[in-house]
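Asks: Keeping their order, the protein sequence lines are chains A and B.
Quick note on numbering: the numbering used here labels position 115 of the first sequence as 115, and the sequence is numbered without any gaps.
Quick note on numbering: the numbering used here labels position 293 of the second sequence as 293, and the sequence is numbered without any gaps.
Bear in mind the hints are in silico, worked out from the structure with no lab data behind them.
Computed from a predicted structure; not experimentally measured.
Keep in mind that a hint or two might mislead.
Where chains are identical, the list cannot tell them apart; a pair therefore holds if satisfied intra-copy or between any two copies.
Below, in silico cross-link-like pairs of lysine to aspartate or glutamate (EDC-like), each with a Cα-Cα straight-line distance of 20 Å or less [what the hints assert, rightly or not]:
#1 K284 - E492
#2 K136 - E54
#3 K562 - E364
#4 K63 - E492
#5 K126 - D171
#6 K511 - E431
#7 K183 - E401
There are 2 protein chains.
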Amino acid sequence: MRRSKAFIPTTKEAPSDATLPSHIFLSRAGFITQVAAGLYNYLPLAKRVIKKIENIINEEMTKVGAQEVELSFVTPAELWQESGRIEKFGKELLRFHDRKNNLFVLGPTHEEMMVDVVRNRVTSYKNLPLNLYQIKTKFRDEARPRFGLMRGREFIMQDAYSFHATAEDLDREFDAMEAVYKKILTRMGLDFRVVEADSGAIGGSGSKELMVLAESGEDTIAVCSKCEYGANIEAASRSKRSNIPEAPEASFNKFKTPEIKTIDELAEFFKIDPYYTVKCVAKKIIYEDASEIVLFFVRGCDNLQEVKAINATEALDIVDVTEEELKERGLVPGFIGPLDQDKAKHVIDSDLKDATNLICGANEADYHFIGVDLSVLSNAAYFADIAEVNEGDICPHCDGELSFTKGIEVGHIFKLGTTYSKALKAEFLDENGKAQPFIMGTYGMGVSRLVAAVVEQHHDENGCIWTKETAPYMVNIMISNIKDEAQVQAGEQLYKQLQDANVEVMLDDRKERFGFKMKDAELIGFPYTIVIGKELQNGHVQIFDRATKEKRDIKSEEIFDKITELI
Amino acid sequence: MRRSKAFIPTTKEAPSDATLPSHIFLSRAGFITQVAAGLYNYLPLAKRVIKKIENIINEEMTKVGAQEVELSFVTPAELWQESGRIEKFGKELLRFHDRKNNLFVLGPTHEEMMVDVVRNRVTSYKNLPLNLYQIKTKFRDEARPRFGLMRGREFIMQDAYSFHATAEDLDREFDAMEAVYKKILTRMGLDFRVVEADSGAIGGSGSKELMVLAESGEDTIAVCSKCEYGANIEAASRSKRSNIPEAPEASFNKFKTPEIKTIDELAEFFKIDPYYTVKCVAKKIIYEDASEIVLFFVRGCDNLQEVKAINATEALDIVDVTEEELKERGLVPGFIGPLDQDKAKHVIDSDLKDATNLICGANEADYHFIGVDLSVLSNAAYFADIAEVNEGDICPHCDGELSFTKGIEVGHIFKLGTTYSKALKAEFLDENGKAQPFIMGTYGMGVSRLVAAVVEQHHDENGCIWTKETAPYMVNIMISNIKDEAQVQAGEQLYKQLQDANVEVMLDDRKERFGFKMKDAELIGFPYTIVIGKELQNGHVQIFDRATKEKRDIKSEEIFDKITELI
Numbered sequence: 001m002r003r004s005k006a007f008i009p010t011t012k013e014a015p016s017d018a019t020l021p022s023h024i025f026l027s028r029a030g031f032i033t034q035v036a037a038g039l040y041n042y043l044p045l046a047k048r049v050i051k052k053i054e055n056i057i058n059e060e061m062t063k064v065g066a067q068e069v070e071l072s073f074v075t076p077a078e079l080w081q082e083s084g085r086i087e088k089f090g091k092e093l094l095r096f097h098d099r100k101n102n103l104f105v106l107g108p109t110h111e112e113m114m115v116d117v118v119r120n121r122v123t124s125y126k127n128l129p130l131n132l133y134q135i136k137t138k139f140r141d142e143a144r145p146r147f148g149l150m151r152g153r154e155f156i157m158q159d160a161y162s163f164h165a166t167a168e169d170l171d172r173e174f175d176a177m178e179a180v181y182k183k184i185l186t187r188m189g190l191d192f193r194v195v196e197a198d199s200g201a202i203g204g205s206g207s208k209e210l211m212v213l214a215e216s217g218e219d220t221i222a223v224c225s226k227c228e229y230g231a232n233i234e235a236a237s238r239s240k241r242s243n244i245p246e247a248p249e250a251s252f253n254k255f256k257t258p259e260i261k262t263i264d265e266l267a268e269f270f271k272i273d274p275y276y277t278v279k280c281v282a283k284k285i286i287y288e289d290a291s292e293i294v295l296f297f298v299r300g301c302d303n304l305q306e307v308k309a310i311n312a313t314e315a316l317d318i319v320d321v322t323e324e325e326l327k328e329r330g331l332v333p334g335f336i337g338p339l340d341q342d343k344a345k346h347v348i349d350s351d352l353k354d355a356t357n358l359i360c361g362a363n364e365a366d367y368h369f370i371g372v373d374l375s376v377l378s379n380a381a382y383f384a385d386i387a388e389v390n391e392g393d394i395c396p397h398c399d400g401e402l403s404f405t406k407g408i409e410v411g412h413i414f415k416l417g418t419t420y421s422k423a424l425k426a427e428f429l430d431e432n433g434k435a436q437p438f439i440m441g442t443y444g445m446g447v448s449r450l451v452a453a454v455v456e457q458h459h460d461e462n463g464c465i466w467t468k469e470t471a472p473y474m475v476n477i478m479i480s481n482i483k484d485e486a487q488v489q490a491g492e493q494l495y496k497q498l499q500d501a502n503v504e505v506m507l508d509d510r511k512e513r514f515g516f517k518m519k520d521a522e523l524i525g526f527p528y529t530i531v532i533g534k535e536l537q538n539g540h541v542q543i544f545d546r547a548t549k550e551k552r553d554i555k556s557e558e559i560f561d562k563i564t565e566l567i
Numbered sequence: 001m002r003r004s005k006a007f008i009p010t011t012k013e014a015p016s017d018a019t020l021p022s023h024i025f026l027s028r029a030g031f032i033t034q035v036a037a038g039l040y041n042y043l044p045l046a047k048r049v050i051k052k053i054e055n056i057i058n059e060e061m062t063k064v065g066a067q068e069v070e071l072s073f074v075t076p077a078e079l080w081q082e083s084g085r086i087e088k089f090g091k092e093l094l095r096f097h098d099r100k101n102n103l104f105v106l107g108p109t110h111e112e113m114m115v116d117v118v119r120n121r122v123t124s125y126k127n128l129p130l131n132l133y134q135i136k137t138k139f140r141d142e143a144r145p146r147f148g149l150m151r152g153r154e155f156i157m158q159d160a161y162s163f164h165a166t167a168e169d170l171d172r173e174f175d176a177m178e179a180v181y182k183k184i185l186t187r188m189g190l191d192f193r194v195v196e197a198d199s200g201a202i203g204g205s206g207s208k209e210l211m212v213l214a215e216s217g218e219d220t221i222a223v224c225s226k227c228e229y230g231a232n233i234e235a236a237s238r239s240k241r242s243n244i245p246e247a248p249e250a251s252f253n254k255f256k257t258p259e260i261k262t263i264d265e266l267a268e269f270f271k272i273d274p275y276y277t278v279k280c281v282a283k284k285i286i287y288e289d290a291s292e293i294v295l296f297f298v299r300g301c302d303n304l305q306e307v308k309a310i311n312a313t314e315a316l317d318i319v320d321v322t323e324e325e326l327k328e329r330g331l332v333p334g335f336i337g338p339l340d341q342d343k344a345k346h347v348i349d350s351d352l353k354d355a356t357n358l359i360c361g362a363n364e365a366d367y368h369f370i371g372v373d374l375s376v377l378s379n380a381a382y383f384a385d386i387a388e389v390n391e392g393d394i395c396p397h398c399d400g401e402l403s404f405t406k407g408i409e410v411g412h413i414f415k416l417g418t419t420y421s422k423a424l425k426a427e428f429l430d431e432n433g434k435a436q437p438f439i440m441g442t443y444g445m446g447v448s449r450l451v452a453a454v455v456e457q458h459h460d461e462n463g464c465i466w467t468k469e470t471a472p473y474m475v476n477i478m479i480s481n482i483k484d485e486a487q488v489q490a491g492e493q494l495y496k497q498l499q500d501a502n503v504e505v506m507l508d509d510r511k512e513r514f515g516f517k518m519k520d521a522e523l524i525g526f527p528y529t530i531v532i533g534k535e536l537q538n539g540h541v542q543i544f545d546r547a548t549k550e551k552r553d554i555k556s557e558e559i560f561d562k563i564t565e566l567i
């Protein structure tokens with residue numbers, strides 16, 4: 001492509017709301033334009049990157065026998081009523097009536113539709129397993145679309161759905177899909193981590209996320225210093241602490257603690273480690289058609305992990321409560337404890353099970369209990385893993401320490417089980433001729449988000465740095481002075497040579513200053529720019545490596561061999 | 001792909017509403033499933049065909065320098081308000097509010113959006129011409145979605161938009177796009193015709209349609225027996241008749257014609273050719289915010305062409321009127337004529353301009369005028385081409401005769417001019433530094449409709465017959481008896497050989513009867529099926545050519561060479 005003909009509207013200014021490098025650089029380098037909140041157009045450069053990612057996905061999916069389909073984007077709401085998700089999805093699910101007043105939704109994901117495609121069409125275990133996937137536009141009416149392509153409302157996703165006769169076969173496919181997704185990200189040149197993920201909300205027996213490591217990632221990942229363990233902080237677990245602080249010795253008693261409401265104040269007051277205090281986090285829990293106040297108790301050194309709290313209570317959502325709401329319930333903010341707690345439903349972190357030497361609120365203003373032994377509650381209370389792991393906690397699989405890193409979730413694989421096939425009555429006949437619901441897996445990869453993720457991980461202060469398998473063009477030939485006939489001729493000749501060799505090449509033939517064109521090239525992020533400049537008269541051209549910023553003089557007669565060797 | 005693993009749910013029954021071969025066979029052969037009226041899922045076979053068509057389009061578009069983009073499907077309604085099309089499009093334009101109550105539409109076409117992308121980003125004539133295109137899902141909320149993929153609500157379309165500094169450059173691009181579209185259809189193996197089309201509604205100075213010839217086509221095309229001329233009947237024109245019947249001699253007079261209301265009765269009564277009678281077709285014409293009765297006069301041997309009538313009156317739509325409505329206006333149904341016509345607006349067909357020896361209604365019950373000379377109206381009346389051409393009429397470009405054929409409109413190219421760039425204030429600076437609106441062209445090709453069009457043109461009573469460039473798989477290897485180890489081995493070996501040679505091949509390894517598998521293969525329509533059957537023991541296999549139904553015995557050691565030579 002000739003740069004003079006290419007539609008690449010680069011600009012100096014980034015959108016005013018852009019904070020992430022990918023949002024800034026993809027906008028400035030003319031890859032995308034914004035249409036409205038969370039809606040973007042992909043201009044020619046972005047479209048090329050998207051197609052490269054799609055090609056990689058298609059190649060890898062085909063290798064494992066998955067078959068590509070394309071399902072209707074506009075989906076009848078009845079299917080979502082059948083599955084029960086029309087309510088659960090809330091306002092993210094965009095609904096509308098057609099001219100005949102039938103209710104439809106814009107597909108944000110296609111579990112229901114895919115089950116509908118397969119039910120009554122695959123009827124025997126003999127035709128299983130089956131893995132169907134598509135790469136298609138999706139829509140989620142996000143409350144806060146932001147960060148450019150990272151969290152848009154309309155986005156491109158690859159979504160795959162597998163159908164199995166046995167749980168073992170689902171396990172096999174799940175592992176195969178993990179391998180496929182790893183292969184895809186590896187080919188894209190991305191540094192990533194597969195982590196254990198929360199799968200509470202969608203149901204099913206297991207799920208993993210593929211996280212592209214980047215400072216700007218919205219997700220926090222706990223990773224082990226020794227073993228392969230990694231988990232989204234929403235799902236991360238840990239071993240019991242080994243370096244337990246010295247226990248405060250005291251027999252059970254009620255103690256006056258005037259105005260001592262926070263954990264810090266409490267630890268200070270009793271001169272103990274917060275480990276031995278009990279923190280109460282009161283929340284309002286939202287169910288499908290009700291809500292209630294629930295008290296979550298964790299050690300004072302820990303924090304409540306809200307996703308774990310949602311899972312522990314099988315809630316749809318969790319929100320804060322005011323002190324007034326607590327008082328209305330007869331609770332005493334600052335002094336709420338688990339003993340004799342009959343005012344509200346409560347969940348106690350597993351790490352507190354059978355814990356002793358504790359200090360906790362006495363459910364009475366200005367009083368705490370000391371010398372508390374929670375083993376008395378063992379049978380009566382509900383214990384669950386609701387605490388967030390901390391950096392330095394011990395890995396659940398080895399004796400390594402956990403540390404945190406940031407990641408961009410670009411893929412998610414789920415063992416769905418029979419949730420959807422049961423809801424939509426999708427069954428097959430097993431070997432004994434008995435009807436069984438399909439056992440399902442579901443797998444998704446954010447294609448447009450991956451475009452942003454590449455830039456998040458690969459950029460510098462001057463712009464994008466595309467990896468070889470994702471670059472919109474691999475080589476940019478820059479004719480330094482377009483009025484110099486020798487330079488033009490050399491540029492045109494190399495351009496033709498590279499095109500003939502099927503290299504994706506851009507020829508910057510614009511009548512602009514060298515500095516302007518060079519900045520443009522760095523902003524766009526071509527892996528290699530070949531500068532044909534003054535040194536041509538001495539038989540040299542220059543290769544600029546975008547990633548390393550290295551510039552190398554090459555004999556002009558060797559440039560074709562050199563660049564084809566590099567790419 | 002192994003047929004035993006492939007998701008191709010073939011069935012004996014066609015959908016109850018299916019009348020067209022493409023709807024019947026694409027459904028029965030497991031290419032598509034219906035979701036709701038006008039909404040379809042593309043299963044693996046259809047997806048493969050779609051990708052082939054898309055690849056051909058991409059290759060040909062790239063050759064002429066067009067650049068691929070992908071625009072947001074969900075489009076702000078404001079853009080449609082800016083262009084004024086939000087009203088004109090009516091209910092076909094699906095509208096909805098997002099969670100923040102902003103109005104959006106699902107893009108049925110992207111003129112507005114593309115102009116929005118280019119405005120303020122292309123600012124100089126130096127950056128023109130520009131041709132941007134996409135291949136993307138579109139949505140039109142059709143009142144009567146029908147015929148499967150032929151007239152769906154959600155469909156895949158390639159839409160291109162070109163921007164120019166001069167009308168001459170638009171003409172050049174228009175011709176180039178005509179050539180591109182012809183190349184695409186030729187590569188697809190389709191018999192088609194480029195015809196002149198109506199461009200009244202969308203505006204602009206010219207338009208052509210690409211029609212795939214098929215009996216089931218919804219469009220009637222007039223084609224010349226001698227020259228290249230072809231036109232949609234909505235836009236077809238003709239030369240003046242040469243074989244004019246003998247004129248009835250009579251001087252002007254009012255004649256009592258009791259109960260003579262129809263043209264046939266009139267011609268019979270006066271013993272004249274209907275050519276000399278004047279037919280009145282009264283219609284109600286719908287404008288954006290009004291409607292009125294308009295009388296259309298054509299020769300008795302002609303019929304009114306409604307699209308021409310719409311264009312002649314610059315109307316949005318045209319509907320029938322009742323006799324009562326006419327009487328209310330003081331008109332006399334059956335006896336309405338153009339002379340002294342002051343009751344309603346009227347349009348007279350150009351062929352009646354200066355016509356003589358006519359008989360027409362006298363605007364009085366039971367009376368006609370005879371010996372009418374319409375040249376008296378020349379200055380006062382509005383003449384326009386509003387008659388439909390007839391088979392046997394003379395070509396407007398040569399002395400050939402016009403005949404009718406049926407076509408499926410798969411492409412449409414338009415010289416749009418400045419309609420949208422003016423409405424959306426999209427301007428560039430010309431050579432003199434003066435701001436000018438972009439001169440635009442727009443070009444569209446129905447990708448999913450093309451899938452159906454291939455089948456409409458290429459099928460027989462047993463199913464689809466895919467052309468080489470559109471076939472989901474080129475070769476189907478059928479192991480006749482899956483229990484015969486030699487057959488299995490030969491089949492597997494050939495399968496591997498062909499895969500290694502990058503031939504798209506299906507291996508029918510199912511434990512089904514030969515007859516069942518053969519019917520399935522014919523229904524799906526693989527160009528070639530290689531039957532590995534009993535004759536293998538005598539060193540022979542069979543090639544079945546789907547198009548010709550020819551079966552040929554081939555020495556089994558020659559089959560690989562033979563089939564790769566064929567394809």
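Asks: Please go over all the hints and tell whether each is borne out by the structure.
Replies: So, going through the hints one by one against the coordinates:
With identical chains, the CA atoms of K284 and E492 are never at most 20 Å apart, being 68 Å at best within one copy and 62 Å at best between copies. Taking CA atoms no more than 20 Å apart as the test, K136 paired with E54 passes in both settings, with 10 Å inside one copy and 15 Å between copies. In the homo-oligomer, the alpha carbons of K562 and E364 never lie at most 20 Å apart, since the shortest distance is 79 Å inside one protomer and 92 Å across protomers. Within a single copy, K63 and E492 get their C-alpha atoms only as close as 39 Å, which misses the 20 Å cut-off; across copies the closest is 18 Å, which meets it.
With identical chains, the CA atoms of K126 and D171 are at most 20 Å apart within one copy only, with a shortest distance of 18 Å there and 59 Å across copies. Only between protomers do K511 and E431 lie at most 20 Å apart by alpha-carbon distance; the minimum there is 16 Å, versus 72 Å within a single protomer. Taking identical chains as interchangeable, the C-alpha atoms of K183 and E401 are never at most 20 Å apart, the minima being 28 Å within one chain and 64 Å between chains.
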